[in-house]
Amino acid sequence: FAMAQSSVTLYGVADAFVGSKKTNTLTAVGANLVASNLRQTMVESNGLSGSRWGLRANEDLGGGLKAFATLESGLNIDTGAGQQGALLFGRQAFVGLGGNFGGLSLGRHYSAFDAVRGAVLSAQNSAYTFDATNGYGGDFTETQLKDLQAYNQAATPANQVARAPAAAAALARSVARMGAWTGYVPRIDNSIRYETPNISGFQGVLVYGFGENKTATTGATKNGSASLTYVNGPIAVALVHQDDELAKGFHLKNTAVGGNYDFGLAKAFLAYNQAKFTGLAKQNEWAVGIRAPLGATTLVAQYAHAKGDDLGKNQSLGLQVEYTLSKRTTAYAALNQTRRFDSLAKNDVFGLGMRHTF
Amino acid sequence: FAMAQSSVTLYGVADAFVGSKKTNTLTAVGANLVASNLRQTMVESNGLSGSRWGLRANEDLGGGLKAFATLESGLNIDTGAGQQGALLFGRQAFVGLGGNFGGLSLGRHYSAFDAVRGAVLSAQNSAYTFDATNGYGGDFTETQLKDLQAYNQAATPANQVARAPAAAAALARSVARMGAWTGYVPRIDNSIRYETPNISGFQGVLVYGFGENKTATTGATKNGSASLTYVNGPIAVALVHQDDELAKGFHLKNTAVGGNYDFGLAKAFLAYNQAKFTGLAKQNEWAVGIRAPLGATTLVAQYAHAKGDDLGKNQSLGLQVEYTLSKRTTAYAALNQTRRFDSLAKNDVFGLGMRHTF
Amino acid sequence: FAMAQSSVTLYGVADAFVGSKKTNTLTAVGANLVASNLRQTMVESNGLSGSRWGLRANEDLGGGLKAFATLESGLNIDTGAGQQGALLFGRQAFVGLGGNFGGLSLGRHYSAFDAVRGAVLSAQNSAYTFDATNGYGGDFTETQLKDLQAYNQAATPANQVARAPAAAAALARSVARMGAWTGYVPRIDNSIRYETPNISGFQGVLVYGFGENKTATTGATKNGSASLTYVNGPIAVALVHQDDELAKGFHLKNTAVGGNYDFGLAKAFLAYNQAKFTGLAKQNEWAVGIRAPLGATTLVAQYAHAKGDDLGKNQSLGLQVEYTLSKRTTAYAALNQTRRFDSLAKNDVFGLGMRHTF
Chain A
29 FAMAQSSVTL YGVADAFVGS KKTNTLTAVG ANLVASNLRQ TMVESNGLSG
79 SRWGLRANED LGGGLKAFAT LESGLNIDTG AGQQGALLFG RQAFVGLGGN
129 FGGLSLGRHY SAFDAVRGAV LSAQNSAYTF DATNGYGGDF TETQLKDLQA
179 YNQAATPANQ VARAPAAAAA LARSVARMGA WTGYVPRIDN SIRYETPNIS
229 GFQGVLVYGF GENKTATTGA TKNGSASLTY VNGPIAVALV HQDDELAKGF
279 HLKNTAVGGN YDFGLAKAFL AYNQAKFTGL AKQNEWAVGI RAPLGATTLV
329 AQYAHAKGDD LGKNQSLGLQ VEYTLSKRTT AYAALNQTRR FDSLAKNDVF
379 GLGMRHTF
Chain B
29 FAMAQSSVTL YGVADAFVGS KKTNTLTAVG ANLVASNLRQ TMVESNGLSG
79 SRWGLRANED LGGGLKAFAT LESGLNIDTG AGQQGALLFG RQAFVGLGGN
129 FGGLSLGRHY SAFDAVRGAV LSAQNSAYTF DATNGYGGDF TETQLKDLQA
179 YNQAATPANQ VARAPAAAAA LARSVARMGA WTGYVPRIDN SIRYETPNIS
229 GFQGVLVYGF GENKTATTGA TKNGSASLTY VNGPIAVALV HQDDELAKGF
279 HLKNTAVGGN YDFGLAKAFL AYNQAKFTGL AKQNEWAVGI RAPLGATTLV
329 AQYAHAKGDD LGKNQSLGLQ VEYTLSKRTT AYAALNQTRR FDSLAKNDVF
379 GLGMRHTF
Chain C
29 FAMAQSSVTL YGVADAFVGS KKTNTLTAVG ANLVASNLRQ TMVESNGLSG
79 SRWGLRANED LGGGLKAFAT LESGLNIDTG AGQQGALLFG RQAFVGLGGN
129 FGGLSLGRHY SAFDAVRGAV LSAQNSAYTF DATNGYGGDF TETQLKDLQA
179 YNQAATPANQ VARAPAAAAA LARSVARMGA WTGYVPRIDN SIRYETPNIS
229 GFQGVLVYGF GENKTATTGA TKNGSASLTY VNGPIAVALV HQDDELAKGF
279 HLKNTAVGGN YDFGLAKAFL AYNQAKFTGL AKQNEWAVGI RAPLGATTLV
329 AQYAHAKGDD LGKNQSLGLQ VEYTLSKRTT AYAALNQTRR FDSLAKNDVF
379 GLGMRHTF
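Keeping their order, the protein sequence lines are chains A, B and C. Under my numbering, the residue at position 174 of the first sequence is numbered 202, and the numbers go up by one with no gaps. Under my numbering, the residue at position 79 of the second sequence is numbered 107, and the numbers go up by one with no gaps. Under my numbering, the residue at position 89 of the third sequence is numbered 117, and the numbers go up by one with no gaps.
Honestly, the hints are just simulated from the structure, not real lab data. Mixed in with the good hints there might be a few duds.
Same chains, same label: a pair holds when it works inside one copy or across any pair of copies.
To be verified - In silico BS3-like links for lysine-lysine, alpha-carbon gap of 25 Å or less:
1) K295 with K50
2) K242 with K295
3) K335 with K281
4) K335 with K355
5) K374 with K242
6) K276 with K341
7) K310 with K374
Working from the sequences, and respecting the hints, build out all of it.
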């Protein structure tokens, strides 16, 4: 390595587990939506954290100013395939300046909502598969939501039979994922991110992304997300909002509040979120969790619940035992059970795995 | 890092800006080609330089001989997507030997033309978006050029109406790009690159690529590029030629001459290029530019002009203010205005951004 | 580099050659399968070894336990494109633990068969293009094999005419590759790998992969591979088996035995393999090779032969001269000649190149 002129850190996470997974396929049978279940043994990636590799650059420019850049790529270690649609650096990619004013960067950033959910609201910090609050692609299109409404509000059985296939198709896209919260856009392309300096534990973050999809007849869509967090000693609380314009004029708005408190014996988490598809439907979501360290072992439990106007009720329970082999290496056993759409679909996964960070 | 046995350098560039961009869509309206304009705010990548990450390996083999290899990947930091068609190492990939004889390598290389354009002929050295000489995909197919000719030379208005859609389609592919020069193939696959030793400031480079697309009935195409440069103190001049066989028997030949001179107060650039689509059309292109350092600030201006037989007139103006935060970090404000095809399409972009190299 | 907290090694191979290659296209002409040949000059990648870059992480956990992870990506240095279907880390991706019990990992692993073929059975260790034992995609589907059988066993010429197109299509997929052995799956997704400790030179490896392709009506397929090797001083021998369930109930089973012995003046290789498509066809394969070092030069020769029930006879000859420029850099001249399907198709390639590891 030629290091004198270089100041980049190469880092990553390798996380895999072997386990069993039950997934569902939704179909319309007459007036009913029916889930057929499939259980199989799998080697899977990303039990505790998303596997990744990345480059982090930093430069001290003097006078309190610094330049920074991150390029981070997600991967499935069970197949070697890229995540996030196989984007080259699909997790994060940005370049910016930091100083007394805070930090300002341009690129593809985590939304403020997603960052707060992982770091403050969720007991399974940055977990994917086993996180009760992360999953359930609520990213319905306007058409899909209207199909669901038409089915749910159908006046006659004949009406329901006619509308069942469209409703099944609408639900199908999110049915295989774990977690109970309605989805927001977790990573915002073409975005500006500003974070305030940390003032006595308070910090604000704003991420605003340009859709860059203007046409001759429609304006560009936007994604905006803002958070305010307070972290001090044992307490961490946050208020966060995200507005995703999924199509011009069709918004999904999430507003969450919550936090965690370290009682010493255990850290408790509590969070509430309201998700609104403007003019169509809204959903109330809450989550409660705990992390209890017992020597090298940490017990983690989390339950999340979502109840929506046209989406029915969704519940998810995550349980983990993490065993710390070193600061960088953790073995784990974990399970997640999720029931969606008033228990129409029941998914679960359990596994035994390890995470190594480098 | 296990460094004892390793000798690879990890490097990169992260460049992004926020700004406004006007792009055009070309359509045929009766006998006329009409451009509809679209302006929108964007976070974009690669204002001054193409964002990238790469690996550079070097080994001293003794006796003046050395082995080298480079793998370089281009990316859009605004979305995390790969550039160059999302190739794994789309910017450069080669392995070779260097010594008293010069350097010889195999792989995917910059053409000699492209290297000279960036390093000697252009005031916006290695710039992408704001470079007045880099863009304008002149990589028309034979059919597209004939469609343009047929339209331009149509004897009657009825004839022109019939031919307008094909002509619009021919121009459409290059209309959204900045810059005024006709395109050559900037990176040559399956190529051999030889560079002579530097002899009193003189150096020659030859890059020759095999199309590897032979069929039972047609031979393989080829891409060849050769340059001669002279760099000594304040002066740098170059003569360069490239022959791209875009399809068997259909060549685009570029021949450029130019250079720059450092007057101390400013560095001035002047270049001329002739682009010929064999047997069909030719285009005369020239560029003039200046780089004037004022302390940490450098003012850059460049104007490029192209006038072609069947392609009309294209002009591009690039202006930049670069502010050096450190040797590796530059903030910039820049704009580019381009008029193509006798001002039929008017594109522009301006932005405020930063480039960090690591 | 921030190294204190990091323990990852960045490594790679850059291998390219310039040469000439003859490939074939198979078509049915009446009752006959006819190969049309195409020779062309090329710059190619991966003469001696697959070009790659990778990350290798290791951590000592104390008490003889260690954590390890590898992410390895294959590439064609002649075009910058990814190999293995452009997977992000298509060569290898796994994370695991090692200790007195051996090593246990999860991810995408080389099959035990492939590892042994490269390390023990083949004189062209880890070679791709010029390896007489690696290539010949024997990964026929059940339908393709039946099409071949029907053609080979056709009772009347009219019957053969009718079946020739399907037979040509069945052979076509493997006709452009070098090497004579029938194909197994070299890299197993979603797999568990266990290796025993090395006991007096003996070591066993087991790789088992879950197809994860269960449907409502069919179970998931599996890939399993196991090897036993004995390496001691000048001798290395191995017994290895692989069972690839290419589709539910349709297996390709490979069982190989062989080894090498270092006579001092030269190292000799001998290997035998039987490939069986369950219930349909089998093939006997053997290979003999030699590596003879003469100072910095090493002469390598290998011949492989495969004779199958319905696949005819395939032969491949590889010859190499390797010149060691340093421990990490090798120049080479090499050729491979392959005759497939009773000499219906004759492929060859020769080239002059270099391999640099970093």
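Now for the hints, and whether the structure bears them out:
1. K295 with K50: For K295 and K50, neither the intra-copy (30 Å) nor the inter-copy (52 Å) Cα distance is at most 25 Å.
2. K242 with K295: This pair counts as neither: shortest intra-copy Cα distance 46 Å, inter-copy 40 Å.
3. K335 with K281: within (15 Å within a copy, 52 Å between copies)
4. K335 with K355: neither (38 Å within a copy, 55 Å between copies)
5. K374 with K242: between (40 Å within a copy, 18 Å between copies)
6. K276 with K341: neither (28 Å within a copy, 38 Å between copies)
7. K310 with K374: within (22 Å within a copy, 45 Å between copies)
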